[in-house]
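Below, each chain spelled out in residue letters.
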Amino acid sequence: MSRPVHLPRSAPFGEEERASLDSILAGKSATQLAWLSGFLAGLDADAGRALPAPVPVAAEPLTILFASESGNTERLAHDAAAQARKLGLKPVVTDLADADLSTLAQARRLLVIASTWGEGEPPARAARNYKELMEGEGLRLDGVRFSVLALGDSAYVEFCAIGKALDARLEALGGIRVADRVDCDLDFDTPALEWTKQVLDRLKPAPAAATNVVPVDFGARSGGDAARARLSASATALINLNSSRSTKQTFHLELDFDASGLAYEPGDALELFAPNDPELVRSVIKAAGLGTDEALAETLRTERDVTTLSLPLAERYAAIVEHAGLRRMIARQEIRGWIEGRQLLDLLEAFRGRLEAAQLIELTRPLPPRAYSIASSLEEIGSGAHLLVAPVRYESHGRWRAGVASTHVADRMKVGDRIDVRLRANRHFRLPDPATDIIMIGPGTGIAPFRAFVQERRAAGATGRAWLFFGDRQYTHDFLYQLEWQQALRDGFLSRIDLAFSRDTPEKVYVQHRLWERRREVVDWLDGGAHLYLCGDAKQMAKDVRATLVRAIADVKSLGADAAEAAVADLEKECRFLQDIY
Amino acid sequence: MSKPLSANERIKEASQFLRGTLQSGLRTEETGAISDDDAQLVKFHGMYLQDDRDLRPERTRKKMEKAFSFMLRLRIPGGICTPRQWLSLDQLARDYAGETLRLTTRQTFQFHGVIKSNVKTVMKAIDASLLDTLAACGDVNRNVLATSNPHRTDAHAAASDLARAISERLLPRTPAYREIWLDGEKVAGGEEEVTEPIYGRTYLPRKFKISVAVPPDNDVDVFAQDLGFIAIVDRGGKVSGWNVTVGGGMGMTHGEPETYPRTADVLGFCKTKDALAVAEAVVTVQRDWGDRTNRKHARLKYTIEDRGLDAFRVEVERRSGIKLGRPRPFHFAGNHDRYGWIDSDNGLSHLTLFIENGRIRDEDDGPAILTGLREIARVHRGEFRITANQNLIVANVAQEDRPAINAIVRAHRLISRSSGLRRNSLACVALPSCGLALAESERYLPSLVTRLETLLADCGLADDDITIRMTGCPNGCARPYISEIGLVGKGPDRYNLYLGGAFDGSHLSKLYLDNADEERIVEALAPLFAAYARDRESGERFSAFLIRTRVVAATENGRDFHDNTGPLSPPLPRTDAVA
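Protein chains in written order, with numbering that gives the first Met the number 0: chain A, 0 to 581; chain B, 0 to 578.
In case anyone wonders, no lab produced these hints; they're calculated from the structure. It is possible that some hints are incorrect.
[Claimed, not checked] Each computed BS3-like pair below joins lysine-lysine, with the alpha-carbon atoms no more than 25 Å apart:
no., chain 1, residue 1, chain 2, residue 2
1, B, K123, A, K507
2, A, K538, A, K163
3, B, K295, B, K2
4, B, K2, A, K507
5, B, K62, A, K247
6, A, K413, B, K62
7, B, K270, B, K237
8, B, K65, A, K247
9, A, K85, A, K130
10, A, K247, A, K89
11, A, K542, A, K556
12, B, K295, B, K489
13, A, K247, A, K285
14, A, K507, A, K542
15, A, K203, A, K85
[Stated by the list, open to error] Looking from chain B toward chain A, a few residues come up when the C-beta cut is under 8 Å (computed):
no., residue
16, E64
17, A66
18, D94
Don't be surprised by glycine CBs; every beta carbon is placed ideally from N, CA and C.
All chains should be built: construct the whole structure from the sequences, respecting the hints.
Below is the structure:
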């Protein structure tokens, strides 16, 4: 099927050139486009002679597998591919979720870039193939030269668990590790780059095989490196959308990037580089046995993660301060349980010791940004971006804990304040062509990308139907963007809405209950080609919704549980059931 | 008639007997509201579309529509319900209506804050408890009141029986209520099958209120009603018949002197067996004679003024075929409630509880009224009676059950010492839910009373019964024009102060201060309290004193309500007692 083509804004052409190229490329078949791409690549290779580019005879294949939840590993995989092409390799980037594992044995070179999600889980989409790879019988990878890059968050006990497990499994299946696995925390860019350089250096073919085809990243990413740049933004609006009578807060934040335009697409996320709470920083400095130190406070506030307490951090701290009690706990492995639900400040207060300022800085990891799904479409708002931020606050071990970025926005940010941001593309979470129906399930802040979707489809004059499932606590106080949905229903870019408010009735009603009630129509839409999108809480909601979808398909189509599960898995494989969960 | 009909007449006419587009409007999820026309029709079903006015300023900024919800008002003739019904309503209040119930001046319950998606659930539960909300609002006969003071068993039974019979007789017959709220079958053939033998397609020109009183209690304010029945009790305690009153009503509009409250006239006397026919005839004459071109001139009181009482009587007698007798003598002692335990002539006991402004809820650091009454309902074997003064009677308690009830009352602090002013205070709901309110009422009156109590205590009047009533707008739900002290909202923190309304509800008050804030109100009342304490005659009520000493002019009836307003005598100098 031919689709409209839009060159990314980052393409090295003027706007008019882009438009005319778009119109030339529109409606061309996949074969035509493939021919063109080869042809154009060959232009340079053959010094301007208009001949199709020959595939470099000596190009050595390289398989790059990624398992991604938020798009980070996918981006790294494509970056690695670009580097590999320069070195004369012929990389094939494949999502683990879509990979045919039976062909993996034929790969001679294999890079695996895998992220770990939540409490040591693989990315949702890749879960089936991950299980197959880990437990499947008859799979052998004898002689496959491999290396693994693991992404994770050291705030979780099961740090990089998926990468670690894959690394061990590939070796057990007969693979030959060419470079040690690298485990990356949230600041993965630099270690990832180093790993890539190192492994490609070991896998690259003999120099003679190199070609001079300019590697082009044809990924759907909206920008190149520019898009990954850290930008300064200013807050132009900040509104708590929940009523003053609500039990929660959800902030609508409008950011402006000044002259530096940021091109993003609906589905993308924006990372906020929010500083720490100065109060917390003061407490940490005090607990570390240090006196007032403005420079240290500023460094910690803006650059270091002063909340996360990981096992390695506790071990390093024990080594520095030589705290006998702490060392005992570590030795007895009691520390694992102890750090659960605790933060750096708890460690410093429970096991007193004196740290130098430099040691305190060294003890912490760099302050990672927090990503928020963008709630706006550039096609509608012109410039800037809107985010939906719900402050994270909870009590644990007798102390109130506050999410760094979310409470910065909620408590400390004012209109006019500046904050650094960075685009995080989410290539998995894209709108289909405007004629295709979409079903969007987004309770709470999960509504954010769907606001962007509806804005985008309004601007495009989309003809496909759109169906939104939204839920929160109370209809009267928590119906986020209610007036906008009313407008979208009036103008037709939202076809229907189903709502679930959990605290309006004695029995709690959630979006999955509405999904179940509407199962006939939902299955009907899906059979008609609709794309299903799910955004929001990963821990419970996403699992419940997926399970409900399986049940719904089983019920409506009179299928067994396995067949219904396979039907949902097919939707995932076809990228018709897409999730952006956190 | 060349004047065009009022807009509501068109809505009623087009509504297919009150159906409108309510069915589809209820299913529309993205808004908590219903269409403007449906919002008029839904009143006939016993509910109002309201919004939380406290939240209005922030809603648009937060990208939300107004905080809409529904007020549901029950139809409970005579205000009598069973403990089991109480428990159902209590559960609904806790599940769907903000954990509060409101007793009203029409002897019924109101739920506030029921959101659209829950309305049908609540309506079905109300139906399951053998209650309904039909005609609790709208241009129909509203909930029928009956004297609730139960110390005269036979007369009270006669009054509540009559109230119930009138309510049933005048109930709309449209199947819309069952179709819309209870998922009932639509009657085949639609509107052709429906007949409203009493109301017709367009119902009444305006709301219609009826009460039944048993002297000496005028707790139901019979003179404030379109139609009233006053029991004539013989020496054996039996009701020998009823004086019929017509043309009372409270509503008026600020700045429009052609609108005014009015006390009812006595039309004549009828036997109990004729009372229903008389009631129906009064209603149908008003249906046909009432002014459908101007809703501010549509109540029966204006029909009586325009056509004359005699002409009205002739038409009622013609339609009913009943010749009304000469009115019999009667005597009212007051329009207040008597608190505490009283025994009736059948040996049962009755506990009247003062519920300030009829608000039933658990206070954070105060009485747990909702919980306490629920506990009583669990053990009570008699019935509950809601009074027209927004209070509650735990009625028909056997002597042996009194200790158990008393223990609950104590445990939940259902009785607290109140001044004579407070226990005779009434306020309408007003802000934040009522769309008509111009000023606070229920949320404000208690604090004003506290301030006035200090003045009264200084004069030694702390325990004297003085009626004070406040409403947030001039429509008069709490019957402020028939109170000794009346306060009617004019704007934020501004009230008209009316004085001199009869303690027994027999005549109206007079405007004393216009558009006054709290300071002016307190300043005006302080010397009057002092003078009353000093100069009153034995047994003389505060309002009677003010008229006798020519502080305010007496109001004979509605027509002279707007005459001779303001202080007649210059305010009395402050005395030492009010330092």
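These are the hints, each one checked on the structure:
1. B:K123 / A:K507: holds (20 Å)
2. A:K538 / A:K163: Holds, at roughly 22 Å.
3. B:K295 / B:K2: With a Cα-Cα distance of about 14 Å, the restraint between K295 of chain B and K2 of chain B holds, given a limit of 25 Å.
4. B:K2 / A:K507: At roughly 54 Å apart (the allowed maximum being 25 Å), K507 of chain A and K2 of chain B break the hint.
5. B:K62 / A:K247: Measuring from Cα to Cα gives roughly 16 Å; hence the hint holds.
6. A:K413 / B:K62: With Cα atoms ~19 Å apart, K413 of chain A and K62 of chain B stay inside 25 Å; holds.
7. B:K270 / B:K237: Between K270 of chain B and K237 of chain B the Cα gap is close to 12 Å, so the pair holds against 25 Å.
8. B:K65 / A:K247: holds (19 Å)
9. A:K85 / A:K130: violated (34 Å)
10. A:K247 / A:K89: violated (51 Å)
11. A:K542 / A:K556: holds (21 Å)
12. B:K295 / B:K489: holds (18 Å)
13. A:K247 / A:K285: Not satisfied, since the Cα-Cα distance of roughly 32 Å exceeds 25 Å.
14. A:K507 / A:K542: With Cα atoms ~17 Å apart, K507 of chain A and K542 of chain A stay inside 25 Å; holds.
15. A:K203 / A:K85: holds (10 Å)
16. E64: Status holds, d = 6 Å.
17. A66: Result: holds, 5 Å to nearest chain A Cβ.
18. D94: holds (5 Å)
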